[in-house]
Every structure is written in C-alpha cells, then in structure tokens.
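Q: This is what each chain is made of:
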Amino acid sequence: MSGDHPSAPLLEVAGLSVAFATRHGVVRAVRDVDLSLRAGECLAVVGESGSGKSVTARALLGLAGAGARVTARTLAFEGRDLRTLGGGQWRRLRGRRIGYVLQDALTSLDPLRRVGLEVAEALEVHGLARRDDLDDQVIRLLTEVGVPDPRVRFLQYPHELSGGLRQRALIASAIAAGPALLVADEPTTALDVTVQAQVLGLLEERRRRGTALLLISHDLAVVARLADQVAVMFAGEVVERGPAAALLSSPAHPYTADLLAAVPGLDDPDAPDATDGPEAPHGPDASDARGGPGGPGGPVRGLPIVRTGPAATTGCPYAPRCALADDRCRSEPPPPVSYGEGGPEGEDHMVRCFHPGRERPAAAFETPVAPVRVKNRAVVSVRGITKRYRSPDGSRRTAVGDVSFDLRAGEALGLVGESGSGKSTTARIVLAEIVPDTGTVLLDGEPWSGLRERDRRSRRSRIQLVDQDPLSSFDPRFTVERVVGEAVPGRMPRRRRRERAAALLGQVGLDPALLDRVPARLSGGQRQRVAIARALAPGPEVLVCDEPVSALDVTVQAQILALLARLRREAGVALLFISHDLGVVRQVCDRVAVMKDGRLVETGAVADVFRAPRAAYTAELLAAVPRIDPGRTAGERPHAAVTLEGHP
Amino acid sequence: MSAAPDAVTGGPYEPARLPATRACLTRVGLPRPGVALAVAFFALVCLAAAFPSAFAHAPDQVNPALALRGPTAGHPLGTDQLGRDVLARLVFGARPSLLVGVGSTLLAGVAGAAWGLLAALGGRVAGEAAMRLADVLLSFPAVLMALLVVAVLGPGTRNAALAITVALAPGFARVVRAQALVVRGSSYVRAAVGLGLAPARILLRHIAPNVVAPLLILATVNVGTALIAGASLSFLGLGPQPPAPEWGAMLAQSRDYLDVSWTLALFPGAAITLTVMSATVAGRALQDRYEGREAR
Numbered sequence: 001m002s003g004d005h006p007s008a009p010l011l012e013v014a015g016l017s018v019a020f021a022t023r024h025g026v027v028r029a030v031r032d033v034d035l036s037l038r039a040g041e042c043l044a045v046v047g048e049s050g051s052g053k054s055v056t057a058r059a060l061l062g063l064a065g066a067g068a069r070v071t072a073r074t075l076a077f078e079g080r081d082l083r084t085l086g087g088g089q090w091r092r093l094r095g096r097r098i099g100y101v102l103q104d105a106l107t108s109l110d111p112l113r114r115v116g117l118e119v120a121e122a123l124e125v126h127g128l129a130r131r132d133d134l135d136d137q138v139i140r141l142l143t144e145v146g147v148p149d150p151r152v153r154f155l156q157y158p159h160e161l162s163g164g165l166r167q168r169a170l171i172a173s174a175i176a177a178g179p180a181l182l183v184a185d186e187p188t189t190a191l192d193v194t195v196q197a198q199v200l201g202l203l204e205e206r207r208r209r210g211t212a213l214l215l216i217s218h219d220l221a222v223v224a225r226l227a228d229q230v231a232v233m234f235a236g237e238v239v240e241r242g243p244a245a246a247l248l249s250s251p252a253h254p255y256t257a258d259l260l261a262a263v264p265g266l267d268d269p270d271a272p273d274a275t276d277g278p279e280a281p282h283g284p285d286a287s288d289a290r291g292g293p294g295g296p297g298g299p300v301r302g303l304p305i306v307r308t309g310p311a312a313t314t315g316c317p318y319a320p321r322c323a324l325a326d327d328r329c330r331s332e333p334p335p336p337v338s339y340g341e342g343g344p345e346g347e348d349h350m351v352r353c354f355h356p357g358r359e360r361p362a363a364a365f366e367t368p369v370a371p372v373r374v375k376n377r378a379v380v381s382v383r384g385i386t387k388r389y390r391s392p393d394g395s396r397r398t399a400v401g402d403v404s405f406d407l408r409a410g411e412a413l414g415l416v417g418e419s420g421s422g423k424s425t426t427a428r429i430v431l432a433e434i435v436p437d438t439g440t441v442l443l444d445g446e447p448w449s450g451l452r453e454r455d456r457r458s459r460r461s462r463i464q465l466v467d468q469d470p471l472s473s474f475d476p477r478f479t480v481e482r483v484v485g486e487a488v489p490g491r492m493p494r495r496r497r498r499e500r501a502a503a504l505l506g507q508v509g510l511d512p513a514l515l516d517r518v519p520a521r522l523s524g525g526q527r528q529r530v531a532i533a534r535a536l537a538p539g540p541e542v543l544v545c546d547e548p549v550s551a552l553d554v555t556v557q558a559q560i561l562a563l564l565a566r567l568r569r570e571a572g573v574a575l576l577f578i579s580h581d582l583g584v585v586r587q588v589c590d591r592v593a594v595m596k597d598g599r600l601v602e603t604g605a606v607a608d609v610f611r612a613p614r615a616a617y618t619a620e621l622l623a624a625v626p627r628i629d630p631g632r633t634a635g636e637r638p639h640a641a642v643t644l645e646g647h648p
Numbered sequence: 001m002s003a004a005p006d007a008v009t010g011g012p013y014e015p016a017r018l019p020a021t022r023a024c025l026t027r028v029g030l031p032r033p034g035v036a037l038a039v040a041f042f043a044l045v046c047l048a049a050a051f052p053s054a055f056a057h058a059p060d061q062v063n064p065a066l067a068l069r070g071p072t073a074g075h076p077l078g079t080d081q082l083g084r085d086v087l088a089r090l091v092f093g094a095r096p097s098l099l100v101g102v103g104s105t106l107l108a109g110v111a112g113a114a115w116g117l118l119a120a121l122g123g124r125v126a127g128e129a130a131m132r133l134a135d136v137l138l139s140f141p142a143v144l145m146a147l148l149v150v151a152v153l154g155p156g157t158r159n160a161a162l163a164i165t166v167a168l169a170p171g172f173a174r175v176v177r178a179q180a181l182v183v184r185g186s187s188y189v190r191a192a193v194g195l196g197l198a199p200a201r202i203l204l205r206h207i208a209p210n211v212v213a214p215l216l217i218l219a220t221v222n223v224g225t226a227l228i229a230g231a232s233l234s235f236l237g238l239g240p241q242p243p244a245p246e247w248g249a250m251l252a253q254s255r256d257y258l259d260v261s262w263t264l265a266l267f268p269g270a271a272i273t274l275t276v277m278s279a280t281v282a283g284r285a286l287q288d289r290y291e292g293r294e295a296r
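Line by line, the protein sequences give chains D and A. Residue numbering for the first sequence follows the UniProt record's numbering, starting at 1 and increasing by one per position. Residue numbering for the second sequence follows the UniProt record's numbering, starting at 1 and increasing by one per position.
Calculated from the structure, these hints are not laboratory results. Wrong hints could be hidden among the right ones.
To be verified - Facing chain A, from chain D, some residues (calculated, C-beta under 7 Å):
(1) 462
(2) 473
(3) 475
(4) 487
(5) 488
Stated by the list, open to error - If you want the ones that stay clear, here's a sample from chain D, every Cβ over 12 Å from chain A, calculated:
(6) 331
(7) 360
(8) 428
Just so we're clear, the structure is a prediction, and the values are computed from it rather than from any experiment. In this text, a Cβ means the ideal position worked out from N, Cα and C, and glycines have one as well.
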C-alpha cells in the first residue's frame, strides 16, 4: 500500500476537463470535474451514455486519446502530479498502481493468447515476478478472483471461457500488480444478474482489502451496493456528488431523482413512476429533448459543442429535461453548492442546481386509464416445442426443451431467463421464423408453426416483433416514413400512406416531423418508438418484444415501458415480453414464465412469483438483482470500519 | 490507444481549431484538395473522350519533316515518329482508353451482380456452381485471363473490353454474393418477412438496393485497374489497332525512339498514370464518404 495516512486522498482531481476537436467543432466531453478518493473507498461515477463518465475514467489513466485535450487544476495520485507525466511514466503507473477493468471482457482479452499469459503479462511488464514462479503467481491470482480449476483455465483461450469467467480473468490481470486504485468501467453490464452479483462481490472483496475502487456505471442499482461516494454525471459535468447513503436516500439534483425513479424496482409495481412513469404524452424523448447546443443533429449525442463564444454553454445542461427548470436555470449555469448535512464523516454533498432537493411536480405522470381486460382466449398457444442444435463438437444441444404456455388476448406474459436459456429461440419459434423440431404453435387456435411460409404470409400481420436493436431492423436507406409506411397494409396512394405513418408516430409519442429523418439520426429511444410504430401498423394482436429496453438508458427505458403499457391498454395487444431484467418484467407483465437451460422452471402471476418463488432458480435470480436500499447503507455504514481494517 | 495525452497541462483551456483553409474547403463541400484535383482531372479526361475535336484536331496527320520533335509552340507535347501531334493523339486516344476501362467495369458490374445474386439467393447447387466457377476464373491473374480471352476473340477495342470484363466479373460476383448473404440475414429483411411481404418484393425493395450501393463503390475503385489492364493489352498490341490513337499503344511505339525523344514516352505514360490515379483517388473518396455515412 502507499503508506499514506488513511484519510489523505489517494486520488485528487479538481477542475478536470477533456475536450476533443472534431470536424464539427470542439466537443467538451468532460467539464470541470472534481473527484477525490481515499484508499479502500469506492467512488461510483454514474450517468447515461454520452455523459462523459468513461472519458473521465480514461483521462485518469492517461488514455484519453491522441485527439483529446486534458486540462486540470489538480490531478494527483498518491501525491504525484499526473499532469506532468510522460508516456513512459504513465505506462509504469498503469497496471502497476492503477488497474483498469473494461466492460467487454471478450474484446479486452487477446483472442490468440491463453488466459494465463494475459494475466502473467501484467506481472512481467512491471517486473514483479521471477520467471520460475510466474505460473504459480498467476494461478494464485486466478484462485483469488474465484476462477474454478485455475490450472485448467490457465491454458484456455478467452473464447473458451464464459462471460463471467472472462471478466474475472480481466480483473485478475488488473489486480496482478497490486494496484492501489482499480478503475472499473461498466464491469458488469454485459453479464447476467447472477454473474453480475458474483463480480460485484469480487470487487467488494478487493475494496475490503484496501484497494480503492472507481466504478463507472449507468446503473444506480449496481453501484448502490458498493459505493461509499457517488458522483452523478450529466452532459460532461458532475451534477451531484456525495456520500452514497445521503445521495440515494435524498437526491438533491432533479436528474438524480429522475434516475432513481426510473430504476425498475422489484417491490413496488404500482408506484406511479413505474408503469405510468414520466412518459411525456407527445413530448420528444429524453435524449432528444436535451436538444440545446448539442441537439440531435450534433456529432455526439447530448454533448454541447462550442461553436461561437460562450453563448452556447449558458444555463444548466439538464434544464431542457428538467421539470423544475425556470428562466434562471436556462440562462446561467448553477454553481456547485453544499446540500444537506453530508456524510457521517463530514463528507460534502455537492449539487449543481438552483433548486436542490425540491419535490418534482407530479404533472409529468400520465394518468392511469381503465385497467387492461385480459380475455380468457389464447391468442398464442405453445405446445411442447423443442429445438435442438448441433454443436461444433457434434453433440446436440437442446436450446428449447418441451416448452408449453398460453398467451391470452390482451395479456402481458414475461419470459425471463439468463443468456442461453432459450428465451430468444422460443420467441423466434413463436414468430415462426424457425420451425420447432417437435411440438406446435397455434395462433388464434389455428395452425401456425407447421404451415408453409406461403400460407403463413397473409396472417403474419397478426403477430409482430419489437427487437432489442431497432436500428439494424430498419433498411439503412429508408426514412422513418418508408419504414413505418411499408408496414401499413393494403394498397394506397403515397399521401395516404404518409398520413397513416404520421398517425402511428403520434400514437407512440413521436413528432410526425421525424417522418423525413433517417433512423440513424434518431436517438435510441426514438428508434425504439419507430420500431413500435412499425410493429403496430398492421394492427397485430400480439407483440413479441425481445429485450426491447435493454440497450436503453434507464430514463429512456422507463418511457418506453410506459409507452408499451399504454399501448397495451389502448390497442389491446397481447405482449410476449422477453427480458433478462426481472425489474422490467415486474413492471410490464401480468404473468411471468422463468426459463433455464431451455426449460420452463416456473410460470405464474407476477405478484406470486416475485413474492414467493417456487423454483429454487427463480429465488436465486431474484436474490441476485441489485437494488437500491439506501436505508441499509445509511443505517450501519459497514464500510467505515472496513476501511480502517485495511490500514491498521 | 496506448498513446498518452500530449496535452496534460495546467494551463488555461484553449479551444482547438481546424486550419482555416481546411475549414473553408469543408464548407464548400470539398474536404480534400487532392480529391478535388483528381475529380477535376478525371472529368477533363471524360470530356476529352466525349468531345475530342473540342480540344485538338487531326491526330492522324503525318508530317515526316517534323518527326520526333520535343515540345514546341506548334506542338506543345511534341511529335511522334511520323510527325503526328502527340497532344492531338493523346486527346483522341482518351476515348478508346476510357471505353475499355470504364466500359468493361460497367459490364463486369452488371454481369457480376447477376452472378452474385444468383449464387446467394438461388438454390444451393446453383450457388455452389457459380462460386466455384468464380474461384476458377479468379485463380488466373487478371491480365493473363484477359490475354487468354483476346487470344480467342482476336484483338480490337471491343474484344479488349470484353476480355477485361471476363477478368473482373468474378471479383464483383464474389462481393455481391457476400453482401447479398449479409443483407438476406439482416434484421431488416427479417422484419420485412415478419410483415408478410412477398419474397419478390423483399428482393427488389430491400436486398437489391442494399447490394448495389457497395457494388458501385467497388466499381469506381476498379476503374483504375481496368484502365491499366486496357492499356497493358494495347501496349502488347492487342487493343485498338494502328493508326487509331490509344495511350497504351502510343507508349509501346515510343520505346523504339527512347534515345531520340524521351518525351514521346513521357506523355502517354503520364496520361495513363494520372488518369488511373485520379480514378482511384476519386473512387476511394467516394468509398470513405459512403462508409463514413454508414457508420454515422
């Protein structure tokens, strides 16, 4: 360890700015960020995509990139000024004193190198191990991060490891040199909940042993468990920073409050923020409404571009999306102010807002309409379907094994499982994109899966798909008008088709002015709305939603879920809702079916399954879901004692 | 990625700017001066090919008294071994040269597109057969393949163009097939099937247009290759026959007089080089732009 006094900050950052020169002008990705982190502490930087959180992390590692201009008043690590470091000095620091864990472990690991070598490299480069005991050290490290059979894994290639094991191997190589600070950029984003819980536990273990953690995440619930301090970033600025317990229990900045409200919870499905959340009826979606200087036409979504003079950056960056914004918010940038009483050790709770902690008006919520009528008629009947694939080694793998369920008219059925559980294969069979080996699917009580495509085509309009990645499901040459218009059935003149497409956009809460845009120039939320509009166009009875919100920021996700809930009431469509996210399913669905290894392990009403799961696997899934429980953190502060433990 | 930032300084923040000239060019839509020059030069060659008499006269007028002169006021690029004006012959040689280069690329594009689509969307047997045939043809170097075809068909402008078409088409077929397979497996074709569109409509509306765009780009980049191949064939005496002016043939004839008049080889060689370069630069720029837009 550094040997510093425990309360002296390990990392001290003040006035950090990162700017990139682009063809469209200078993009100030990070502006005036202050952070500080002590040994054994965890600081979480939270924000949506484009908020500058990853750029901040990279700047701290000297990896902001050749085109980046990094400036800071203070940038010190272990008492050293990082601003003056040269390339070689950075390299000696990186990996040795600061470890870096990236999100995507498959692409972060060299596919042609055995896992053991990858981990050994960190030790070798920094001259921390003799050649003859290098292997033993690596195996010790792999054991330490909980890789089973480390002697076998040592010789395997990254593609032979599961996502969770790859992430562990990556963490092993990041901690190999015993760094004082571990920077983890979205370390669990690509992982299933149960694996995510394990990786978080591993990081917690590192922190308990005295390593400081800088955790970058878009997910407040993930960081809530680990963080001592939370910094919320928006449009390149830290808008709120404070002790985790105080910030999560009484958020001061409206953006933090919006983020917290948007997190799908497991416990409270009837809260107004859940299904009837902040969906502005015809308003543009969040990432669009950010507009302002860096509006949707800008090169980087949501980042202000300095074009001419200071006029472009006036006001609070959150003002366009904020329910509390007034003229002052729009004209002058709010300075950082202290809020509340701070943390138990006198940590400051900082917020950049003119109205810190004020209650947001409830007017933004949609008023609930009549409850959904679920009829007892099955629109989709799945009867004992099985699909097996041949693995590369010749064995047969059962993707879906003997799955049966009914989807009733107007019902929302959630299909939940981890990756590889067969839920997407089931969806494709229900959509008759692939034919099951055995079993049948009936649509409206008539044969569906066994038909020839020619006979099926006329009835395809009855069942439509909303995909995880809407952009790739649009013809890249098509405008929104053509994407949606093509799905409108029947022959009609172009004007009439355009009107229908405009009406459909209105139905999903999009401005018809977007008709002439190319989908590539829309935000993620807008694209998903266009995809939903297209799916509604033929007037289907069933929408199959395959992970429809998993690629979206949490605030946009809440809007799309609210939209689906509304459309379900208005258009009376049944939803087959596939997701790995239990919180999302809880919000949207009436019934839930849990899949594991291609089989249904449990089916039942959402409330029952979530309250009293019958299958052990369901209970395990539920337990692994990260949740925000500020009460726990505020009450006992378990980390305070632990921090001291690291420095006797 | 491993490059450390070179601007970690505590100094005041200065916004970086693009150089003024570059910014100015970008505004009028000419991002790179090299590309602008290439496009201008290629356009000039095309104009010369279309309206040669607007630029020069009498490419075949023989004047033995003035043979093998260097550049003079009357003959800015000099004269050849028969006293013919080199400038006039270059201008009139643009048409056959371009015809072989551009014409064969177009033909190869059309033939290759049909071939590739058949291979991708036709039955399994037809597809395999079409691709194995392409593999066989591609295993010969392009110029060798063209030589073989000219040997069978006989020399001449049209046959040279056909020969290069045969040499280029399998390459196009392969690209089209690969692209068609990608498009056929794409989410948007999946979505179109899900909407219940008929296969013919999906082919015409979604698959074909998305295959053609990259094909056009490839074709532009390939014009340079075809031009070189055409010039090579006529350099070997297999293209347009004398006395018709053609750049490759002019270059071939100049070899015999190199010790008397080195400019005789310089200008046709320069014409070929510059045209190929400008076609390639323009094609690559188009490619960058297309792919840049795709990514955005």
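Q: So, for every hint listed, does it hold in this structure?
A: Each hint tested on the structure:
1. 462: violated (9 Å)
2. 473: holds (4 Å)
3. 475: It holds, given that the least Cβ distance between residue 475 (chain D) and chain A is near 5 Å, below 7 Å.
4. 487: holds (5 Å)
5. 488: Residue 488 (chain D) check fails; min Cβ-Cβ to chain A is 10 Å, beyond 7 Å.
6. 331: holds (22 Å)
7. 360: About 34 Å separates residue 360 (chain D) from the closest Cβ of chain A, which puts it past 12 Å; holds.
8. 428: violated (9 Å)
Comparing the model with each numbered hint stated earlier shows that hints 1, 5 and 8 do not hold.
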